[in-house]
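K.L.:
Could you build the full structure based on these sequences and the hints that come with them?
Number of protein chains: 2
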Amino acid sequence: MINFDIKEEDGRARNGCIEVNGKKALTPLFMPVATRGSLRTLSNEEAIEMGYEAIIANAYHLLMKPGLEVIKKGGGIHRYINWPSIIFTDSGGFQMIRAGFDQDISLEGVNFKSETDGKVIKMTPEENINLQKDLGADISMCLDFCPPHPADKDTLQRSVDITSLWAQRCKDVGHNTFCISQGGIDDQLRARSCRELVEIGFDGYAIGGLSIGEPKKEMYRMLDIADEVYPKDKPRYIMGLGSPVDILESVSRGIDIFDSAYPTRNARHGTILTSQGRLSIENGSLKDDHGPLDGSCRCPACENYSRSYINHLFRSNELSGLRLATIHNLSFMYRLMEDSRTAIKEGRFESYKESFVNDYK
Amino acid sequence: MINFDIKEEDGRARNGCIEVNGKKALTPLFMPVATRGSLRTLSNEEAIEMGYEAIIANAYHLLMKPGLEVIKKGGGIHRYINWPSIIFTDSGGFQMIRAGFDQDISLEGVNFKSETDGKVIKMTPEENINLQKDLGADISMCLDFCPPHPADKDTLQRSVDITSLWAQRCKDVGHNTFCISQGGIDDQLRARSCRELVEIGFDGYAIGGLSIGEPKKEMYRMLDIADEVYPKDKPRYIMGLGSPVDILESVSRGIDIFDSAYPTRNARHGTILTSQGRLSIENGSLKDDHGPLDGSCRCPACENYSRSYINHLFRSNELSGLRLATIHNLSFMYRLMEDSRTAIKEGRFESYKESFVNDYK
Chain A
275 MINFDIKEED GRARNGCIEV NGKKALTPLF MPVATRGSLR TLSNEEAIEM
325 GYEAIIANAY HLLMKPGLEV IKKGGGIHRY INWPSIIFTD SGGFQMIRAG
375 FDQDISLEGV NFKSETDGKV IKMTPEENIN LQKDLGADIS MCLDFCPPHP
425 ADKDTLQRSV DITSLWAQRC KDVGHNTFCI SQGGIDDQLR ARSCRELVEI
475 GFDGYAIGGL SIGEPKKEMY RMLDIADEVY PKDKPRYIMG LGSPVDILES
525 VSRGIDIFDS AYPTRNARHG TILTSQGRLS IENGSLKDDH GPLDGSCRCP
575 ACENYSRSYI NHLFRSNELS GLRLATIHNL SFMYRLMEDS RTAIKEGRFE
625 SYKESFVNDY K
Chain B
275 MINFDIKEED GRARNGCIEV NGKKALTPLF MPVATRGSLR TLSNEEAIEM
325 GYEAIIANAY HLLMKPGLEV IKKGGGIHRY INWPSIIFTD SGGFQMIRAG
375 FDQDISLEGV NFKSETDGKV IKMTPEENIN LQKDLGADIS MCLDFCPPHP
425 ADKDTLQRSV DITSLWAQRC KDVGHNTFCI SQGGIDDQLR ARSCRELVEI
475 GFDGYAIGGL SIGEPKKEMY RMLDIADEVY PKDKPRYIMG LGSPVDILES
525 VSRGIDIFDS AYPTRNARHG TILTSQGRLS IENGSLKDDH GPLDGSCRCP
575 ACENYSRSYI NHLFRSNELS GLRLATIHNL SFMYRLMEDS RTAIKEGRFE
625 SYKESFVNDY K
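Going down the list, the protein sequences come from chains A and B.
Its first residue numbered 275, the first sequence is counted upward by one per residue in the numbering used here.
Its first residue numbered 275, the second sequence is counted upward by one per residue in the numbering used here.
Please note that a few of the clues may not be correct.
Identical chains blur together in the list; that is why a pair holds if it fits in one copy or across any two.
[What the hints assert, rightly or not] Taking lysine to aspartate or glutamate and the EDC-like style, the derived pairs with C-alpha atoms no more than 20 Å apart in a straight line are:
#1 K619 to E473
#2 K508 to D562
#3 K339 to D562
#4 K407 to D477
#5 K508 to D284
#6 K490 to D428
#7 K491 to D378
Hints are computed from structural coordinates only; laboratory data are not their basis.
P.N.:
Rendered as structure tokens:
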């Protein structure tokens, strides 16, 4: 059972608390992406120490490596990866149907070639939810069919049809499951997808197939449609969206949950998130800048090290550079969500958002 | 001023405490190598938390990147790299004269080509110690001339001559400086090198030009010579030696200080140090091993994660694998030194060493 309490509302933005298997997370919630059960340059307990209450892993990737049986024998995903708090898993549908996999989608499910031994694996929606359940996820995501952007109307229509059909079968498995709407940026199809999912009825409602190359304006319009159709009392989750400004814009449109590799991937590429916007740490001029990455940040990277030192680490290919940048970017995102929740509580989310967007060049 | 107190002796092994600039470190002491001011996959404060009291950085590498002026403006090396405890710096002589640098050694000093802009840099012994002093090192190492192994007698002779000549000039600068003997594995030359350095008189005595490919037996014989010639009341340091067994053998020959990239470099290559010997973490069979890296270890990697999980991280190219392996290997080395000190205190170092070597296949 997933419980969701909305504690405060401010316009369409809301403060809530999601509770599952005795674990809680406050919303608006940002989840770091631990595709293979790891945050790359950090130990998982370090993200817990930052305050993170949930992460998302990828069932497909974990099935490929190390495999379901290994994780089961290791005591389930929480124990295996040392993450005592909430774990979402993504179905991996997005990965299975991307280029590079010989894929074949039918009403029945998806066929894909294993990346480890090339064998064709058939995955039905039921098998996929059972996989997520068996891994030990607290919350599983429906297997959906997410076509690339741009897609023609026929493809989008087929993706909505199949996604709804699969969603019903996912629900019937009886796990804690969120559905995912499709429909690209087509108003009618997106609305139909959302409506069909609401008719089935879920514990949480995600929005898929966005942030994959479409214009921002179109993406925001889809969020407005989802906000309209999806029940107000359930958590809403836009998948794969992670830039600070996009997140605040989505919160103001009634979205509660986010996940993205944005802060961690950017960190590894030397892009630092600061209250003044993105900073490229490898920039030569930073060699002489002995201030912190972000003057308003209290994370260990900002408290203990200078821009000059971290610039030096990147330019010397020292892995600790990637690590300090990741610590900072994840701390930055955590604070963004915390500040958002405070602003909602105090009824000033819109002005908080405007002021943030204004400073964040 | 460097102060060194010997607290306990057990055969030729000794427990001591080295004190410099108000900071202390217990010996036998192992120093992790932070060539460029970083421990690669860790934040520096993590090594402090493990108990480490000293590291060694490399003056030559830091001069190349980020440069002396940058580190001076950053408040000196301790503040720049966030290492409040003891910092040794190596002269970089070893790096300057290795293949790849156009080098030219004269009585005056060494000429080498900068790796950043190709300019020829002339470095005298005086300039080198001043560089280490200006970086803010607590203890600097003499510029020495370390020929590759094997070297002919003429080269070894010249290296001893020049090393002694330079040592005098290093001492005259007036910093806290350790000398370094040369002489390869030639008994007479090694003894002469040690004697000439003792005549000059230093706060600490290192042994260089070993662990570079010569047979172990020869190396140990050189340690015996150094132990004989070097003053008993000063700290002795063998440079670049890092395997657990070599360290224990050296402690039993009166050596106090060690530095090596051995634990960190091995960790990044998936080699785990355990009380039963070296373990290759990428070994396929470890996928099903849900025990810790080392059952007798209490480090965060062993407390929180399994061999199976860390095997998974390595096989998935996740940087957190390198990190957890590094945390473990550095913890292992710290414990090795701590156990050695306890054994010396209790007068049972030889039996401790034998039992360790016996278990460590």
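K.L.:
The structure should be examined with respect to each hint, and the outcome stated for every one.
P.N.:
Here's how the hints hold up against the structure:
1. K619 to E473: Neither, since 32 Å and 75 Å both go past 20 Å.
2. K508 to D562: For K508 and D562, the Cα distance exceeds 20 Å both inside one copy (50 Å) and across copies (40 Å).
3. K339 to D562: between (44 Å within a copy, 12 Å between copies)
4. K407 to D477: within (15 Å within a copy, 64 Å between copies)
5. K508 to D284: within (16 Å within a copy, 70 Å between copies)
6. K490 to D428: neither (23 Å within a copy, 73 Å between copies)
7. K491 to D378: Result: close neither inside a copy nor across copies, 32 Å intra and 64 Å inter.
Hint violations for this structure: numbers 1, 2, 6 and 7, all remaining hints satisfied.
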